[in-house]
Amino acid sequence: MDEFQRQKFARQKVFNLALASVMAQVGLWTVVVLGVALWIGLSLDAHYGTRPLWTIVLVVLSVPLTIGGMVWMVRRAGRRLENPPPSEGEPRQ
Amino acid sequence: MADPKKDPGTRKKGNLRKEFGIVLLSTGVLGALGWHFFPPVMPHVQLPSEPVVAHPLSLPVLGDVYLTNTLVAMLLMDLVVLALVYAVQKAAKSGDLVPRGISGAFEALLEAMYNLTESTAGKWTADIFPYFATFFILVLIANYMELLPGVDSIGWLVPAEHSGHAAKGIFLLKQAGEYTVVPWVRVLSTDLNFTAGLALVSVFMTQVIGVKALGLPYFGKFFNIKAVFTVKPRWMGFIDFLVSILEIISEVAKIISFSFRLFGNLFAGSVMLFVIGFLVPIWFQSAVLLLEAFVGVIQALVFGMLTLMFMSLATHPHGGEHEEAHA
Numbered sequence: 001m002d003e004f005q006r007q008k009f010a011r012q013k014v015f016n017l018a019l020a021s022v023m024a025q026v027g028l029w030t031v032v033v034l035g036v037a038l039w040i041g042l043s044l045d046a047h048y049g050t051r052p053l054w055t056i057v058l059v060v061l062s063v064p065l066t067i068g069g070m071v072w073m074v075r076r077a078g079r080r081l082e083n084p085p086p087s088e089g090e091p092r093q
Numbered sequence: 094m095a096d097p098k099k100d101p102g103t104r105k106k107g108n109l110r111k112e113f114g115i116v117l118l119s120t121g122v123l124g125a126l127g128w129h130f131f132p133p134v135m136p137h138v139q140l141p142s143e144p145v146v147a148h149p150l151s152l153p154v155l156g157d158v159y160l161t162n163t164l165v166a167m168l169l170m171d172l173v174v175l176a177l178v179y180a181v182q183k184a185a186k187s188g189d190l191v192p193r194g195i196s197g198a199f200e201a202l203l204e205a206m207y208n209l210t211e212s213t214a215g216k217w218t219a220d221i222f223p224y225f226a227t228f229f230i231l232v233l234i235a236n237y238m239e240l241l242p243g244v245d246s247i248g249w250l251v252p253a254e255h256s257g258h259a260a261k262g263i264f265l266l267k268q269a270g271e272y273t274v275v276p277w278v279r280v281l282s283t284d285l286n287f288t289a290g291l292a293l294v295s296v297f298m299t300q301v302i303g304v305k306a307l308g309l310p311y312f313g314k315f316f317n318i319k320a321v322f323t324v325k326p327r328w329m330g331f332i333d334f335l336v337s338i339l340e341i342i343s344e345v346a347k348i349i350s351f352s353f354r355l356f357g358n359l360f361a362g363s364v365m366l367f368v369i370g371f372l373v374p375i376w377f378q379s380a381v382l383l384l385e386a387f388v389g390v391i392q393a394l395v396f397g398m399l400t401l402m403f404m405s406l407a408t409h410p411h412g413g414e415h416e417e418a419h420a
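So the sequence lines, in the order shown, correspond to chains A and B.
Counting from 1, one number per residue, gives the positions in the first sequence under my numbering.
Counting from 94, one number per residue, gives the positions in the second sequence under my numbering.
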């Protein structure tokens with residue numbers, strides 16, 4: 001295998017690993033935010049006897065947070081994948 | 094500004110808005126009446142799937158098998174997939190060069206997915222693409238069952254085993270008591286058997302593609318004893334060997350993360366729909382359903398994309414030295 005192919009493989013591997021980590025983060029983000037919002041809402045309502053106020057407020061707030069967070073995560077990863085720092089983009093010699 | 098009397102398009106849009114408003118208003122009134130007469134009850138949240146028949150089915154090889162509500166969902170999903178296959182095959186055989194309707198939508202979807210696979214997997218696209226596309230379409234259809242009315246909500250009324258969540262005094266029941274609903278169809282992705290099954294297939298086929306790409310030296314990444322003797326300095330080789338042991342753990346972790354990510358997202362979504370429907374029966378559940386439509390497609394994409402990434406990574410030589418032998 002020549003040097004050019006070796007570098008191409010290494011770059012592709014780094015890109016695939018980075019993309020896999022982004023997909024894993026995105027996949028977990030929704031369930032964590034929604035689950036935490038629902039749990040806190042139900043706990044607050046049970047504590048203060050205000051059912052369903054806090055649950056609704058927190059679930060409603062968690063929806064833009066879920067979508068906004070996901071967009072932010074993907075855009076940040078996209079920028080980093082387009083312009084990787086030299087240490088990340090270059091293969092080990 | 095267009096004159097609605099002259100422009101049929103504007104008139105149609107105005108009529109649609111009016112009809113939409115009437116539908117919205119009437120469903121609101123009906124919902125409010127329904128809420129008054131039949132107040133919602135906190136549903137029974139259960140992790141394992143439930144049988145929908147009293148007696149098990151005796152199958153030739155498998156023996157006694159209970160028809161569970163997620164199994165019903167799987168059969169329905171299979172029917173949907175087969176119907177789609179039939180529709181696309183019919184369109185392809187018709188000789189029409191411009192695909193229309195469902196076949197056009199499928200062509201656009203598969204083209205986008207194929208291009209994505211090609212940019213990631215390179216020359217292994219033809220091997221990896223079928224898995225990516227199959228997982229995406231299967232998981233998407235399974236997830237979108239959550240949006241159908243009646244799924245998770247229509248089923249047998251059975252006496253409740255635990256208190257606190259059961260229906261009391263439903264008007265059709267002759268005997269008073271506490272009841273709970275065992276749905277006939279439950280979202281397939283809320284059954285861990287389905288998600289774990291998909292995860293096992295994904296990880297196993299990743300190994301198959303790895304062996305196909307690199308030959309038996311592929312397994313060297315799991316037990317890289319060679320690195321101890323060949324890599325200089327020696328301690329770096331020893332670290333490479335330890336990293337290769339970690340690869341085994343990472344493969345097992347992939348099965349767990351694949352299954353629990355999909356299962357957790359969809360089960361949490363279903364529970365949220367139950368809870369929101371119990372707290373605010375009208376309107377608000379529709380907003381959560383919109384979010385679930387978003388989550389459904391994201392999770393299908395995540396499952397398919399991760400399979401694609403792991404399969405692509407498996408085709409890369411881990412040291413570079415094996416590639417020459419199999420190029």
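None of these hints come from the bench; they were simulated from the model.
In this text, all values refer to a predicted model and were calculated from it rather than measured experimentally.
Heads up, a few of these hints could be off.
Stated by the list, open to error - Now the stretches of chain A that chain B is said to cover, found in silico as 3 or more residues with beta-carbon under 8 Å: (1) 10–17; (2) 33–43; (3) 47–59; (4) 63–70; (5) 73–79.
Unchecked claim - The following label-pair restraints were derived from C-beta to C-beta distances: (6) A:V57 x B:V301: 46 to 52 Å; (7) A:L17 x B:L203: 33 to 39 Å; (8) B:W328 x A:V14: 38 to 44 Å; (9) B:I349 x A:E3: 36 to 42 Å.
Unchecked claim - The calculated lysine-lysine pairs, modelled on DSSO-like cross-linking and capped at a C-alpha distance of 27 Å, are: (10) B:K319 x B:K305; (11) B:K111 x A:K8; (12) B:K216 x A:K8; (13) B:K183 x A:K13; (14) A:K8 x B:K319; (15) B:K325 x B:K216; (16) A:K13 x B:K186; (17) B:K347 x B:K319; (18) A:K13 x B:K216; (19) B:K183 x A:K8; (20) B:K111 x B:K305; (21) B:K183 x B:K216; (22) B:K305 x A:K8; (23) B:K186 x A:K8; (24) B:K111 x A:K13.
Glycine included, every Cβ here is placed at the ideal spot set by N, Cα and C.
- Query: Between K216 (chain B) and K8 (chain A), does the CA-CA distance stay at or below 27 Å?
  - Reply: Measuring from Cα to Cα gives roughly 13 Å; hence the hint holds.
- Take the segment 47–59 of chain A, compare each residue's beta carbon with every beta carbon of chain B, and decide whether three or more fall closer than 8 Å. holds (count 5)
- Item | Pair hint K13 (chain A) and K216 (chain B), alpha-carbon separation not exceeding 27 Å | 14 Å, holds
- Message: Holds or violated: K111 (chain B) and K13 (chain A), Cα atoms, limit 27 Å.
- Response: Given pair K111 (chain B), K13 (chain A) is violated - Cα atoms ~55 Å apart, limit 27 Å.
- Pair hint K305 (chain B) and K8 (chain A), alpha-carbon separation not exceeding 27 Å: Holds - the C-alpha atoms of K8 (chain A) and K305 (chain B) are around 20 Å apart, at most 27 Å.
- Task: Given the hint that K347 (chain B) pairs with K319 (chain B), test it: the Cα-Cα distance must not exceed 27 Å.
- Result: 25 Å, holds
- the segment 10–17 of chain A covered by chain B? Criterion: 3 or more residues, Cβ-Cβ distance below 8 Å. Three-residue rule met by the segment 10–17 of chain A, so holds; n is 5.
- Item | Pair hint outcome, K111 (chain B) versus K305 (chain B) [Cα-Cα no greater than 27 Å] | Violated - the C-alpha atoms of K305 (chain B) and K111 (chain B) are around 60 Å apart, more than 27 Å.
- Message: Does the beta carbon distance between I349 (chain B) and E3 (chain A) stay inside 36 to 42 Å, or does it fall outside?
- Response: 39 Å, holds
- Task: State, for the Cβ atoms of V57 (chain A) and V301 (chain B), whether the hinted interval 46 to 52 Å holds or is violated.
- Result: Since V57 (chain A) and V301 (chain B) have Cβ atoms about 49 Å apart, the given range 46 to 52 Å holds.
- Message: So if I understand the rule, the pair passes when the alpha-carbon distance is 27 Å or less; does K319 (chain B) with K305 (chain B) pass?
- Response: 21 Å, holds
- Does 38 to 44 Å hold as the CB distance between W328 (chain B) and V14 (chain A), or does it fail? 24 Å, violated
In this structure, the earlier hints numbered 5, 7, 8, 11, 13, 15, 16, 19, 20, 21, 23 and 24 are contradicted, and the remaining ones agree with it.
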